[in-house]
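> Those protein sequence lines, which keep their order, are chains C and A. Read in order, the letters of the first sequence are residues 1 to 261 in full-length UniProt numbering. Read in order, the letters of the second sequence are residues 1 to 230 in full-length UniProt numbering.
Hints are computed from structural coordinates only; laboratory data are not their basis. Some clues are possibly wrong.
Listed below are the simulated DMTMM-like cross-link pairs for lysine to aspartate or glutamate, each with C-alpha atoms no more than 20 Å apart in a straight line [stated by the list, open to error]:
id : chain 1 : residue 1 : chain 2 : residue 2
1  : A       : Lys94     : A       : Glu201
2  : A       : Lys94     : C       : Glu152
3  : C       : Lys115    : A       : Asp218
4  : A       : Lys52     : C       : Glu152
5  : C       : Lys188    : C       : Glu152
6  : A       : Lys94     : A       : Asp215
7  : A       : Lys52     : C       : Asp80
8  : C       : Lys115    : A       : Asp215
9  : C       : Lys41     : C       : Glu165
10 : A       : Lys204    : A       : Asp218
11 : A       : Lys94     : A       : Glu179
12 : C       : Lys129    : C       : Asp16
13 : C       : Lys129    : C       : Asp206
Cβ-Cβ distance ranges computed for the label pairs, FRET-style [unchecked claim]:
id : chain 1 : residue 1 : chain 2 : residue 2 : range
14 : C       : Phe199    : A       : His73     : 30 to 40 Å
15 : C       : Gln29     : A       : Glu138    : 24 to 34 Å
16 : A       : Gln103    : C       : Ser189    : 52 to 62 Å
17 : A       : His73     : C       : Val47     : 50 to 60 Å
18 : C       : Thr33     : A       : Arg33     : 55 to 65 Å
Just so it is clear, the structure is predicted and the values come from calculations on it, not from any experiment. Built from N, CA and C at the ideal position, the CB exists for glycine as well.
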Amino acid sequence: MHELLLYGQLPAARHDQLLNIISGVAAMQPDYTLERHVIFKPTRPLVQSNLLRGGVVKSDAQVVKTKKSAQSTAGTERADMYHVRLIKRVEEDDFGGDVDMDSVEKGKGQGGGSKGWRLRFEDVPEPGKRAALLRMVDEQPFLGGEISGYMEGLGYKPVTEYIVEGHRAVHGNIVLFLHRILTRPGAKSISINAPLASFSDYIPMDPANGYLLSTTVRLSDGGIPKLVDMGMDELEAFRRMMLGVIDLDQPDRLALDTRVK
Amino acid sequence: MTTTGIFHITSASNTASGSSNPLQVLKDRIITRTNPIPIASWQLDHRLLQEKSLTDGGKPPQRFQHLLRLSHHPSQLFVAVSPPGPEGEKEDAKNAVIALPVQQYNPFLGLLTSKFAAIWGPQAYLQVVDGMAYGAGEFQIRVGELRQNGSSTPDRGIICCIEATHAIDDEEDSLTPEEIQDLEGNAKAEIQALWTRIGFEGAKEVFTSGSPDGDAFDEARTWCDLLKLR
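Just chain C, same shape as in the assembly:
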């Protein structure tokens, strides 16, 4: 599955105004959403890839040696390794409570445990000049089982965790998500089974408390140009409609690069 993406930023003071505008445009009450995101990184070290690292003048003998070693490793695939994330929808009631070691071990407790997680994989956005960012995404819902054990076995360990708080609405084929990211500074070990701390412990990641509006269109197949154009046109029409209200733009492509470097 592919995704077309545009982002806009706005200060906290305009949040309510934009929420009203979105409700009007989408003709629906936006859905208040709280999501827990845990980012995973591969545990195995990154193997030196065949990337050309420029800027070094080598003697002929050294160049030959590098070429030979590159050839000998050319047979094995130097595939990229990616970060992945696990997302779970949580409710306000899931917050709060002390971090109790017993509950952590049993995997129970508010906001933790094995139910409701989905794996989200986001590829590097495609290069090229377009009206919106195009990237491959894949989401796999986990129906149950030992998810924490599975991620470890898969070769991944959790590195970051944060909460996304926002409102979601749908306008045609576009999903509008007005949200901000909350983190808990001083969180020590990260585990998907750990219960959530109290909501007041979470502070916005942005010190200015700004909000993000993400507008996304999902495509079943990003390889069909006609489908991509249809999605682009719809997103472009929405962007034009919102001129003067909010500026919607593409983020830097490499800022959304999920590969391990």
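Assemble the complex: chain C is given as a structure, and chain A must be docked to it using the hints.
Chain A only, in chain C's frame:
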């Protein structure tokens, strides 16, 4: 609570007097000796992936990932993976098993082989053909021929799985661990007795360690251990 026994008959261990179609012989024996009711056809799909070695030419670690689809658990795709850590560190470290919606079989397999290719490489693809499920009293018997796709030796023998269900009173926490072990032991003995009645010798036997909850995951774990064929 269910206990499942899985019996794997390879052609080497097959003692059915050199018959050219051991699966049919087994089905006939089941029908004549246990008087069952046919339920439905039975399918199994198993993909094995192996973790790639960290360095070129290094010995590949013995860690596997399995994708398992069983037609008697129609809505779930089971994914099992061996725990990390050096081989033999924890002798009885069990595979972690999760479930995905079965529609995600091809998308998830594609994701693993393309985007996780740095860590996992596809290894084997096993399928059960001509499978049949029978109900015989409190047992469910499923048989089929195991074939490996895309291999020079596609014939991998016959698989027979016998599942025994026992009803438990629906009172919470009413079973002590000893009672659970007793039930388990009884079920295992019953399944073995049934297998002896069917009369195929030389099969490799594995049993699920029954637990009151998470039966399907235990069963998937047992299947994956067997279907590694190593």
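> Confirm or reject each hint.
Hint check:
no. : hint                              : in the structure
1   : A:Lys94 <-> A:Glu201              : 29 Å, violated
2   : A:Lys94 <-> C:Glu152              : 13 Å, holds
3   : C:Lys115 <-> A:Asp218             : 18 Å, holds
4   : A:Lys52 <-> C:Glu152              : 15 Å, holds
5   : C:Lys188 <-> C:Glu152             : 18 Å, holds
6   : A:Lys94 <-> A:Asp215              : 15 Å, holds
7   : A:Lys52 <-> C:Asp80               : 13 Å, holds
8   : C:Lys115 <-> A:Asp215             : 17 Å, holds
9   : C:Lys41 <-> C:Glu165              : 23 Å, violated
10  : A:Lys204 <-> A:Asp218             : 18 Å, holds
11  : A:Lys94 <-> A:Glu179              : 23 Å, violated
12  : C:Lys129 <-> C:Asp16              : 33 Å, violated
13  : C:Lys129 <-> C:Asp206             : 29 Å, violated
14  : C:Phe199 <-> A:His73: 30 to 40 Å  : 38 Å, holds
15  : C:Gln29 <-> A:Glu138: 24 to 34 Å  : 52 Å, violated
16  : A:Gln103 <-> C:Ser189: 52 to 62 Å : 35 Å, violated
17  : A:His73 <-> C:Val47: 50 to 60 Å   : 38 Å, violated
18  : C:Thr33 <-> A:Arg33: 55 to 65 Å   : 59 Å, holds
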